[in-house]
Structures are given as structure tokens and as C-alpha cells.
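In the order they appear, the protein sequences are chains A and B.
Under my numbering, the first residue of the first sequence carries the number 1, and numbering increases by one thereafter.
Under my numbering, the first residue of the second sequence carries the number 1, and numbering increases by one thereafter.
It should be emphasised that the hints constitute simulated quantities derived from the structure, not laboratory data.
Ideal placement from N, C-alpha and C gives every residue a C-beta, glycine not left out.
Treat the hints with care, since some could be wrong.
[To be verified] The calculated label-pair distances, taken between Cβ atoms and stated as ranges, are:
| # | chain 1 | residue 1 | chain 2 | residue 2 | range |
| --- | --- | --- | --- | --- | --- |
| 1 | A | D279 | B | G29 | 51 to 57 Å |
| 2 | B | R92 | A | L487 | 17 to 23 Å |
| 3 | A | G432 | B | R92 | 54 to 60 Å |
[What the hints assert, rightly or not] Some residues of chain A that are not near chain B, with every Cβ distance over 10 Å (derived):
| # | residue |
| --- | --- |
| 4 | V134 |
| 5 | G186 |
| 6 | I217 |
| 7 | P252 |
| 8 | L344 |
| 9 | R348 |
| 10 | R416 |
| 11 | R446 |
| 12 | L447 |
| 13 | V461 |
| 14 | M464 |
| 15 | N511 |
| 16 | P514 |
| 17 | I635 |
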Amino acid sequence: MSDCHGCAGCAVAEPPPSLPKSARPYVVAIIGPPNSGKSTLFNRLTGLRQKVANFPGVTVEQRVGKARMHGKGMTQHHHRDVVLVDLPGVYSLNPRSEDEQVTRDVLAGTMPGIPKPDALLLILDCTNLGRHLVLAAPILSLKLPTLVILNMADDLKSRGGHVNTAELASELGSPVALISASKGQGIEKVFQFMEGTSAGTAALAPPRVELPVLQDIPRCRQWAHEVGTGAAYHAPAPPIWTRRLDAVFLHPIAGPLIFLVVVAGVFQTIFAGAKPLMDGLQALIEHGSQWLGNLLPAGVFRSLLVDGIGHGVGSVVVFLPQILLLFLFIGILEDSGYLARAALIADRTMAKFGLQGKSFIPLISAYACAVPAIMATRTIENKRDRLATILIAPFMTCSARLPVYTLIIAAFIADRPLLGHFFGMQAGALLGLYVLGFVAAIATARLLKSSILKSERAPFVLEMPPYRWPTLRSLGLRLVDRSKVFLRRAGTVILAVIIVLWVLENLPVKNGQPPEIADSFAGMIGHAVEPVIKPLGFNWKIGIGLVSSIAAREVIVGTLGTIYGKEGTSESVGLRQALRSDLSPGGAVALLVFFAFAMQCMSTLAVVRRETGGWKWPAAQFAYMTLLAYLCALITNQVVRSGIFS
Amino acid sequence: MVLQMSVNNGHGPAPNYATARTLAQLPEGEAGVLDRLELPDDIARRLMELGFLPGHIIVPARSAPGGNPRVYRVDGSEVALRRETASRLILRLSNRSKPAEASLL
Numbered sequence: 001m002s003d004c005h006g007c008a009g010c011a012v013a014e015p016p017p018s019l020p021k022s023a024r025p026y027v028v029a030i031i032g033p034p035n036s037g038k039s040t041l042f043n044r045l046t047g048l049r050q051k052v053a054n055f056p057g058v059t060v061e062q063r064v065g066k067a068r069m070h071g072k073g074m075t076q077h078h079h080r081d082v083v084l085v086d087l088p089g090v091y092s093l094n095p096r097s098e099d100e101q102v103t104r105d106v107l108a109g110t111m112p113g114i115p116k117p118d119a120l121l122l123i124l125d126c127t128n129l130g131r132h133l134v135l136a137a138p139i140l141s142l143k144l145p146t147l148v149i150l151n152m153a154d155d156l157k158s159r160g161g162h163v164n165t166a167e168l169a170s171e172l173g174s175p176v177a178l179i180s181a182s183k184g185q186g187i188e189k190v191f192q193f194m195e196g197t198s199a200g201t202a203a204l205a206p207p208r209v210e211l212p213v214l215q216d217i218p219r220c221r222q223w224a225h226e227v228g229t230g231a232a233y234h235a236p237a238p239p240i241w242t243r244r245l246d247a248v249f250l251h252p253i254a255g256p257l258i259f260l261v262v263v264a265g266v267f268q269t270i271f272a273g274a275k276p277l278m279d280g281l282q283a284l285i286e287h288g289s290q291w292l293g294n295l296l297p298a299g300v301f302r303s304l305l306v307d308g309i310g311h312g313v314g315s316v317v318v319f320l321p322q323i324l325l326l327f328l329f330i331g332i333l334e335d336s337g338y339l340a341r342a343a344l345i346a347d348r349t350m351a352k353f354g355l356q357g358k359s360f361i362p363l364i365s366a367y368a369c370a371v372p373a374i375m376a377t378r379t380i381e382n383k384r385d386r387l388a389t390i391l392i393a394p395f396m397t398c399s400a401r402l403p404v405y406t407l408i409i410a411a412f413i414a415d416r417p418l419l420g421h422f423f424g425m426q427a428g429a430l431l432g433l434y435v436l437g438f439v440a441a442i443a444t445a446r447l448l449k450s451s452i453l454k455s456e457r458a459p460f461v462l463e464m465p466p467y468r469w470p471t472l473r474s475l476g477l478r479l480v481d482r483s484k485v486f487l488r489r490a491g492t493v494i495l496a497v498i499i500v501l502w503v504l505e506n507l508p509v510k511n512g513q514p515p516e517i518a519d520s521f522a523g524m525i526g527h528a529v530e531p532v533i534k535p536l537g538f539n540w541k542i543g544i545g546l547v548s549s550i551a552a553r554e555v556i557v558g559t560l561g562t563i564y565g566k567e568g569t570s571e572s573v574g575l576r577q578a579l580r581s582d583l584s585p586g587g588a589v590a591l592l593v594f595f596a597f598a599m600q601c602m603s604t605l606a607v608v609r610r611e612t613g614g615w616k617w618p619a620a621q622f623a624y625m626t627l628l629a630y631l632c633a634l635i636t637n638q639v640v641r642s643g644i645f646s
Numbered sequence: 001m002v003l004q005m006s007v008n009n010g011h012g013p014a015p016n017y018a019t020a021r022t023l024a025q026l027p028e029g030e031a032g033v034l035d036r037l038e039l040p041d042d043i044a045r046r047l048m049e050l051g052f053l054p055g056h057i058i059v060p061a062r063s064a065p066g067g068n069p070r071v072y073r074v075d076g077s078e079v080a081l082r083r084e085t086a087s088r089l090i091l092r093l094s095n096r097s098k099p100a101e102a103s104l105l
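Same shape as in the complex, but just chain A (with noise of 0.2 Å):
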């Protein structure tokens, strides 16, 4: 350890809790470079037994799974699961960033929730085995059980390189596995490792070549080169197909020409493409309700099920087909390499809103639903580029708010012919209110850039990954994955925000019988808040449709119907009328902007506190918009009623 000078290494060597060996699970973590199959590994090795969440306090994601030991060698006694730990890609343990810090967290034992680890699996890709076998410096000199895994060994084949497995093992002083994590060859030899190491049959050897300075780059680089020559590695060819295809996507002309086709291919399926299969979930949860209705005698708790749940509930699920569609789209871009491409083609134009190529798609995806979006802005590795992303999604007009838009522009716009026939003006307002989320977004982007996230001083630096084949059972997991993170939510914050809200709007009880909603708990909060909510142009029944909101933007429309005694739907005549006669243009054109600006949704929220490990950012965000969103509708209604217009 001569040559280990107070780096991570040292740091590292601490026992680990002395828990009895068996009562402890046995914990492996995955290590490796970006790009080195390393989620594909964890994947095979952990199939569905796995969950996805944050490291504590930080933004990092954290993945952990089990898999189930089978081999030969394991008795009954032995036969247990190895918890697999899933770290971020990382190029060394130099603690610069997040991740390296998590790594580095980690691999001390020292990160809340996380036993340290009992071995170790280094993921590197032996079609570029120089570069990433400086990776194993730093891991190798932590001196834990160490499987060297050289992935990609199909392409290594394919594109004519060679290395000397056994030869590398004696180098480094630790197992090399050639495998292919996207095909699954060699896996048992990952398999066979783990059961090795956890029966506490593998030995140690120490490495026969000497580890170097790790702070020194060039110096670790040289190791790594004369590590790969003892092994008598051969790099392969260039691959031939990536820079085929990259000659059509990166084309000057052809390249912005595909590029806006698949974007414009993600917008449509996301929206139009998703519509029936919405639908259909829709009338499903509402034949359910109902069904479950008519079972139940009628009641405060056929009520609080089938009004509050089915309907508050429902008018969330349903966007399941649209998230799943939206990140079957990601999932087939990133996997393919072709999200790379994009980033680097968007790159420019979002430079100049302080943004970057990478959160392109992530805003792209916010049209549909801020919640997908955010979720995506993972394959943003920037920190400060991610966050911005992330506070600026909730502005693009989601689907969420169209029922109310609709609602609103069908009561007080006169569908008078604007740009001839096909685009009158009530086409212009909903346009236009497009067009007020964006200008929001980009100058929130600019505005965070240039004041609190703005100390970045991390280069803008893409990775190109050869263009390969997506897998369905990457793809399936991704699905699975993510639908389970919204429904969870659905069932939780969702589902606990509308209890409380169906109990404000149905007591007290008078006479056995629910209240009228002006004297329910619901209505007085409505009166308390009307004072604030008076500039604007709106009264109390909107300042109920408000509050309810808050669960969920278009809320507010089932409770206006119920509040005016009218059906609660966006297409509602009824509504209509009666909204136009209680309500001033100046506060219906107010209500408007204030949807475009405020964010009211406890999805987004709960997506943000996840996404940022903590209470602070959806806190600021939700107050920001709130108040841009008062702000702005306070200017409105005053404008349009001062008359300017008329």
C-alpha cells in the first residue's frame, strides 16, 4: 500500500459491523465506468427482485436487487440470497461529483441503510479495455473480493480483438470473467464467483503487478496500458455500423430532418396514440366504481369509494398508458444510442436557455405529464442541469390541464374565426396558453442558471455509445419499473390528499345527511381564502375548485360541477352556463393563467421530492410558481377589467 497516498483506498479499510456473518445479508456491489453495460448486468443478475429509489439526501439513484445463488456447491445451509447494490457510473473514486461520492460512500460502509459491501463486481468493457481498466486501480487497492468482469465480449469478437483472460486474472490478483451482459453468455461465471466468495471459499492473491498513484491520471492511464499489454490485448476495430449510422443521424441535413421526425413520432404517440387506450382505462375504473356502487348500500362509504377514490383515483391511473408509452420511446432511445445523438443535436439550442441537449427530450416529454418527464431527466448526468430540468418541466402544458382549459375557453371564448376557418380563437387561446408555459419555462431556465444553479463549472461532455440493439427484457423491466413508482404514488399521496379532501367537502354532518358544500369544511376554507383569491377575479366556489386542485389539476372541474349542482366534465353545457354568469371575463382569463403558471399537483411534487431526495426543491418550486401564478393572474384580471381590451 506504499503507493496509496491518503486516497480512497486507505479510507476504505475499516472493519466492517460486527454483525454474526449469517444474520447479515451478504452485499455485493456493481462498480463501473458509464456505458459499461453495468444496469444491464444488474438486470440479468436480479431480474424483477429489484427496486429502484434515491440514496439518502442526494439525487443519486439508488438500485437494489437480489439474486438467488443455485450453483451446485451451495447445500440448504447455504442456500441464501446475495443483495446486489447497484452503484453509479463512475470513472474513478476521486470524490469530484455525486455519484463518486456515493461510490465512494459506499464502498466505506458508510452510507445509511447500506452494509459494506462483502465483494465487489468491476464492470468495465473490454472493446475499450484501456480506458476502463484504470477504473480498476482504485478498486483493487480496497483489497474486497473482486470479480473483474469484462463485458461486450461479442463486440470484442465481432470487430477482431483478443485478451488473455488468465493472464489479466494473474496481473491483477483477482478472477476475470469474459462475458455478455446483453446476451447473458458467461453469466454462471458471475454466479459461480458470488456463491464462491459468499460460502467463503475464494482466496485472495495479491495482484503480481504494482497498483499506481491513483490522483496521478496519466500515471494510472500508463498502468492501465501496460496491464493490457501483459494481457495481450488487442483492441478491436472501430465499429463499422456505428459510424454507417452516425453518417445518416449526425448528417448535416438528414440528421435535424430524423431528429425532429422522432420527436415529432414521441409527441404524437404520447398524445394521439395514447388517447384510446386512456379512454379505455377510463371507462374501465368508472364501470368498476360503479360496479362496486351497486354492491354497496348507499352511504358515506359508497360515497367516499366511489366519488372520492374512484373518481380522484381514477382521473390519475389514467394516464398509465401514456407514461408507459413515453418511456417504452426513451427506452428504445437510450438503449439504442440514439438519445446521444439527439442530445448532441439539441444541444445548441438549448444552450442558449441555460439548459443543455440532454434535458430536450425530459421537456419534450412534460407536454403529456410533468411526472414521466421528470423520472427522465435521470439520463441527465450533470446535477445542477438535471435540477433545472426538473423545476422547469411542471410549466409545459400537460395533459392535466387541458380539461380545464377546455372548460374555461368553451365558457368565455367566442369560437369567432381567427386565422380563417380551421383556426379560430379558441385554437388562438389554447395556443397561447402553450405558448405562456414554455416562455415560463425557458425564463425560469435562464433565471435559475443565472443565479442559484449557476456556479456549475463542469464542461458539457457527452459520451457517443456504439448504436446497439434494444432488448425486450431491458425494455420490459423499464416498464414494470416505472409503473409501479407512479401507482405506488396514485396509492399513497394521491389517495390520501383525496380522502382528506372528500372528508372537508362532506362534513359536518347535519341531520345525518352530508352539508351543502358551501357549509362544508371545504366551503368555509373556500370563504377563508376569498379575500386572497378576490383580486384575481374569483370567488369562493373557485377558491374550493383550488384548493381540491391541488391533488390534481383537473380536479377542479368535477368539483365546480358539484359545487354548481351541474355534471362535472369538461364538455358540460351546464357548467358552462353557469360558470359564464358567476364568473367576470376578467377572472375567467385569471383562472386561465393561473393553471398555466401554478403547481397544482401532488404527483409532481411527490416526483420531485423523490427525484431530489428531500422537502427543499419541491417546497421552493411550489412556491415559486404559486406566486408567479398569483402574480401574473392579479395582472390579468386587473388588465382585462380596466378594459383595455374591450
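For chain A, the structure is supplied; the task is to place chain B on it using the hints.
Using the frame of chain A, we list chain B on its own:
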């Protein structure tokens, strides 16, 4: 200090790459040897981990429309950098004798 010379995509007369002082000025497909990174230490280390090491051969490849950002072939992989970053990567002037090919270590 650094010339913001626009980079042609290899259509014009091929300039002598010894005149390209920074990576941003190097024409597509021509090899340059990196001399030093005129960047803050932490950023330089980040790029060095990706293979942008003094002495390594770097070949500019395709780019986004307008030439920025541009993909560079370096140390067995392809990495895209914005022009502002590439113009801080200074090339060796004495690389005239080097063969213009993407050498992978």
C-alpha cells in the same frame, strides 16, 4: 486569447494541421496530439478520465448542425464537447510527422 476560428467540415482545401492550435480548430478527420488542457484542475481531470490526456491522439468526427458541439475520437471512444471546451485543449505543434490516423492505445 483563443481564436474562435470556424471549422470547416473538410470540404475546403485541407489546412495543414500544424496550424491548428486548439482542438476546436482541427478539421474533421485529421489527427492532433494533445499537449495540454488550459482548464481548471477539476474540469481537466474530468476530461483526462475520458481520455483527453497529453500525448494522446484525438480525431474530430461528426458534429451537430453548425459544428457545435462536435464528437471527438479519443482513446477508443467517442466524446462530444462544446467548442468553448475544445478551444481550451491545446495541440502539440510538432506533430507534423505523426500519421493522420486514429491510433488506439
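Report task. May I ask you to check that P514/A keeps its beta-carbon over 10 Å from the closest beta-carbon of chain B? Result -> Fine: 60 Å to the nearest Cβ keeps P514/A off the interface.
Report task. Would you check whether the claim that I217/A is not at the interface survives, using Cβ distances to chain B and the 10 Å cut-off? Result -> At about 4 Å from chain B, I217/A fails to clear the 10 Å cut-off, so the statement is violated.
Query - Status of the given 17 to 23 Å range, CB of L487/A versus CB of R92/B - result: violated (57 Å)
Query raised in the report: Does the Cβ-Cβ separation between G432/A and R92/B fall within 54 to 60 Å?
Result: holds (56 Å)
Query raised in the report: Holds or violated: is the Cβ of I635/A farther than 10 Å from all Cβ atoms of chain B?
Result: holds (38 Å)
Query - Minimum Cβ-Cβ distance from V461/A to chain B exceeds 10 Å - result: violated (6 Å)
**Report entry** Interface exclusion of G186/A relative to chain B, criterion Cβ beyond 10 Å
**Finding:** Check passes; 22 Å lies beyond 10 Å.
Query raised in the report: Can we trust that R446/A is non-interface, i.e. its beta-carbon lies farther than 10 Å from all of chain B?
Result: holds (18 Å)
Query raised in the report: Is it correct that the beta-carbon of R348/A has no partner in chain B closer than or equal to 10 Å?
Result: violated (6 Å)
Query raised in the report: Would the least Cβ to Cβ distance between P252/A and chain B come out above 10 Å?
Result: violated (6 Å)
Query raised in the report: Beyond 10 Å from every Cβ of chain B: is that where the Cβ of N511/A lies?
Result: Non-interface label stands for N511/A: nearest chain B Cβ at 70 Å, farther than 10 Å.
Query raised in the report: Is the Cβ of V134/A farther than 10 Å from every Cβ of chain B?
Result: violated (7 Å)
Figure legend: structure checked against the earlier numbered hints; hints not met, in rising order: 2, 4, 6, 7, 8, 9, 13, 14.
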